Amino acid sequence: MPFIPHTEEDIRAMLDSIGAESIENLFDEIPAALRSGKLTRVPEGMSEMEVSRLMQDRAETDGRYLNFIGAGAYEHHIPAAVWQITTRGEFYSAYTPYQAEASQGTLQLIYEYQTMMASLTGMDVSNASLYDGASALAEAVLMAVRSHKSSRRILMPKTVHPNYRKVVQVTVKNQGIELVEVDYDAKLGTISTDLNDDADFAALVIPQPNFFGNLEEVDVLTDWAHSKGSLVIGVVNPMSLALITPPGEWGSNGADIVVGEGQPLGAPLASGGPYYGFMACKTALVRQMPGRIVGRTVDLEGKQGFTLTLQAREQHIRRSKATSNICTNQGLVVTASTIFMSLLGPDGLERVAASCHANTLALLDMLAKIEGVEQVFPGPNFHEAVIRVSSPAADILRALRAQGILGGYDLSADYPELGQAILVCATETKTDGDLQRYAEQMERILSKRREAPPCAYKS
Amino acid sequence: MSIPADLKYAKTHEWAKLEADGTVTVGITHHAQDLLGDMVFVENPAVGRKLAANEECAVVESVKAASDVYSPIAGEVVATNSEVEDSPEKINQDAFAAWMYKIKPDNAADLNGLLDATAYQALVDSEAH
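Top to bottom, those sequences are chains A and B.
Going left to right, the first sequence walks through residues 1 to 459 as the numbering used here numbers them.
Going left to right, the second sequence walks through residues 1 to 129 as the numbering used here numbers them.
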């Protein structure tokens, strides 16, 4: 599209043709009190050169840190080929592939993505992605309520990511859906397996690994929920699935719906986005699943073709009965994930997952030797764990940051009962030297705090 | 296709037939299947479910749209037709034979509130314009 601004003459001609005096007149209908006026908190514009200088400076401050924060967003190595291929013009389209004859490439990519996600999660079908992991969980809750029919209660453990729980709450609160909080075992940091809920509920949400990085007793929990006639919604880290039991194999019958955040599969850490949510389910629930599904078929000449299936359930036809209210399909990030998974293959994914796990165990081992650090829950873990430190978590994290280390996620706001607790994560991107550096700095900072506790106003 | 005179019709395009045993068989009309096109899925209500008159209780899905099916009268679902669930195209082949579910009516006299074939024909004609 050419960039052609309107000239004063163009604007005059357009205004004359509709009989308006000025552009300002077009807003007459809006009461003055509703007009925002001057935006005093938004700074003045900057020149392109100033902006690019500012961004370079900011990027440098980001890049210098050694990152041990996970908490829902994970740093993984992304082969250069991933985004080189993803950003090719053929993939770079904002158009949704409704017109199958013109979109075979996009449709094939989505088909392959769905096949990989179904295989990774051990489920029958996958959709083509949702907005992000938290909204995918909200959609899964709505889907469970739609298909269960007799109950609008959902068991939502506290070991589910706090932000996910907030997003679900906001999405469902006006629909008469009750989220029942399930506490965790204070010693183990996992959902207690002697759950006793006699009321009818539509689904139990099971995070795996959970927000603390711990592995839940998924088999027992899944069978328990199924024995109550309820569905199981698994919230999983896709990277972990290369190593641990996929949700399709939990308990005797497997989870019913599986959601999660796709970011670990090829999306860089970028100030909170863009990410994407994935969702997979059993065949029996496919007509309740939001989003689109691509199927493979043959045309009249017997040639392979791809097309959107189950379209009648999509929001553009079913309207008020639509199965989704968020139709955002994160096409580009999904493209990157599909290429990421293709390049790594099942063996590559397994190697990455195993390396994350090994690094985390090695880090926990080093930290365990430090006076003033203890692992809060005994494990097993995937690539994240909760540690308790002998000084306030915020103070320790600030001191680590001064040494160029992002030491983890401060749990005090979300889980005050854990005390001075930090969630740490070590992915495959960390070397032995990095782990060593973290442990050394932690030891140095804690021993300094023991000798001279810091003044409350000094970091 | 002619509209069978021995059936009753809802404004929402379901047909209802009072059986000898007192139950009422329900399906969608020829006109409804014609508008929807090729059927691909039928979701019937659960047996034992109590329905109010005009309550949404089933879904028929064609290649074009997913549509709700309403209960013509109040009653309890006593049977569903697994044949149309397995082969939804039977509705396209003969909509008045491919029944969906049977209701034990709370009050069989409620059927009198539905349209007869002539009135339904008039409804179809008026909707065509």
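Hints were generated in silico from the structure; no laboratory data involved.
It should be emphasised that the depicted structure is a prediction, and the values quoted were computed from it without experimental measurement.
Be a bit skeptical, because a hint or two may be false.
[Unchecked claim] A partial selection of chain B residues facing chain A, derived with a Cβ cut-off under 10 Å:
1) His30
2) His31
3) Glu43
4) Val47
5) Tyr70
6) Ala74
[Claimed, not checked] In silico DSS-like links for lysine-lysine, alpha-carbon gap of 27 Å or less:
7) B:Lys64 <-> A:Lys303
8) A:Lys149 <-> A:Lys187
9) B:Lys102 <-> B:Lys11
10) A:Lys303 <-> B:Lys104
11) A:Lys282 <-> B:Lys64
12) A:Lys369 <-> B:Lys64
13) A:Lys166 <-> A:Lys187
14) A:Lys149 <-> B:Lys50
15) A:Lys228 <-> A:Lys303
16) A:Lys166 <-> A:Lys149
17) B:Lys11 <-> A:Lys303
18) A:Lys173 <-> A:Lys149
19) B:Lys17 <-> B:Lys102
20) A:Lys228 <-> A:Lys149
21) B:Lys11 <-> B:Lys64
22) B:Lys17 <-> B:Lys50
23) B:Lys104 <-> B:Lys64
24) B:Lys64 <-> B:Lys90
25) A:Lys282 <-> A:Lys158
26) B:Lys90 <-> A:Lys228
27) A:Lys282 <-> A:Lys149
For glycine and all other residues, C-beta sits at the position ideal for the given N, C-alpha and C.
Hints, verified against the model:
Of the supplied interface hints, the one on His30 of chain B is violated, with its beta-carbon coming no nearer than about 20 Å to a beta-carbon of chain A, more than 10 Å. Among the interface hints, the one on His31 of chain B is violated; its C-beta lies about 19 Å from the nearest C-beta in chain A, farther than the 10 Å criterion. Annotation: interface hint on Glu43 of chain B holds; nearest CB of chain A at approximately 7 Å, less than 10 Å. Of the supplied interface hints, the one on Val47 of chain B is violated, with its beta-carbon coming no nearer than about 14 Å to a beta-carbon of chain A, more than 10 Å.
For Tyr70 of chain B, the interface hint is violated, since its Cβ never comes within 10 Å of a Cβ in chain A; the closest pair sits about 13 Å apart. At about 19 Å, the closest approach between the beta carbon of Ala74 of chain B and any beta carbon in chain A exceeds 10 Å, and the interface hint on this residue is violated. For a cut-off of 27 Å, the pair hint linking Lys64 of chain B to Lys303 of chain A stands: about 24 Å separates their Cα positions. Taken as a hint, the Lys149 of chain A and Lys187 of chain A pair is broken in the structure, with Cα atoms around 36 Å apart against an allowance of 27 Å.
Our distance criterion of 27 Å between C-alpha atoms is met by Lys102 of chain B and Lys11 of chain B, whose separation comes to about 19 Å. For a cut-off of 27 Å, the pair hint linking Lys303 of chain A to Lys104 of chain B is broken: about 50 Å separates their Cα positions. Restraint check for Lys282 of chain A and Lys64 of chain B: the C-alpha separation of about 24 Å stays at or below 27 Å, so the hint holds. Taking the CA atoms of Lys369 of chain A and Lys64 of chain B, the gap is about 65 Å. The hint is violated against a cut of 27 Å.
Restraint check for Lys166 of chain A and Lys187 of chain A: satisfied, since their Cα atoms lie roughly 25 Å apart, inside the 27 Å limit. For the proposed pair Lys149 of chain A and Lys50 of chain B, the alpha carbon gap of about 14 Å is at most 27 Å, so the pair holds. Among the hinted pairs, Lys228 of chain A with Lys303 of chain A is inconsistent with the structure: their alpha-carbon atoms are about 47 Å apart, more than 27 Å. Distance restraint check for Lys166 of chain A and Lys149 of chain A: the Cα-Cα separation of roughly 24 Å lies within the 27 Å cut-off, and the hinted pair is therefore satisfied.
Using a Cα cut-off of 27 Å, the hinted pair Lys11 of chain B and Lys303 of chain A is violated, with the two alpha carbons roughly 44 Å apart. Distance check on the hinted pair: Lys173 of chain A and Lys149 of chain A sit about 17 Å apart at the alpha-carbon level, within 27 Å; holds. Under the criterion of a C-alpha separation no larger than 27 Å, the hint pairing Lys17 of chain B with Lys102 of chain B is consistent with the structure, at around 9 Å. At roughly 14 Å between alpha-carbon atoms, Lys228 of chain A and Lys149 of chain A fall within 27 Å of each other, so this suggested pair holds.
With a C-alpha separation of about 21 Å, the suggested pair Lys11 of chain B and Lys64 of chain B falls inside the 27 Å cut-off, and the hint holds. For the hint linking Lys17 of chain B to Lys50 of chain B, the alpha-carbon distance of about 18 Å falls within 27 Å, and the restraint holds. In summary, the hint linking Lys104 of chain B to Lys64 of chain B is not supported, as the alpha carbons are separated by about 32 Å, beyond the 27 Å threshold. For the hint pairing Lys64 of chain B with Lys90 of chain B, the CA-to-CA distance comes to about 17 Å; that is within 27 Å, so the pair holds.
Taking the CA atoms of Lys282 of chain A and Lys158 of chain A, the gap is near 26 Å; set against the 27 Å cutoff, the hint holds. A C-alpha spacing of about 36 Å is found between Lys90 of chain B and Lys228 of chain A, which places the hinted pair above 27 Å, so the restraint is violated. Only pairs whose Cα atoms come within 27 Å are accepted, and Lys282 of chain A paired with Lys149 of chain A is accepted, the gap being roughly 17 Å.
In summary, the numbered hints that this structure violates are 1, 2, 4, 5, 6, 8, 10, 12, 15, 17, 23 and 26.
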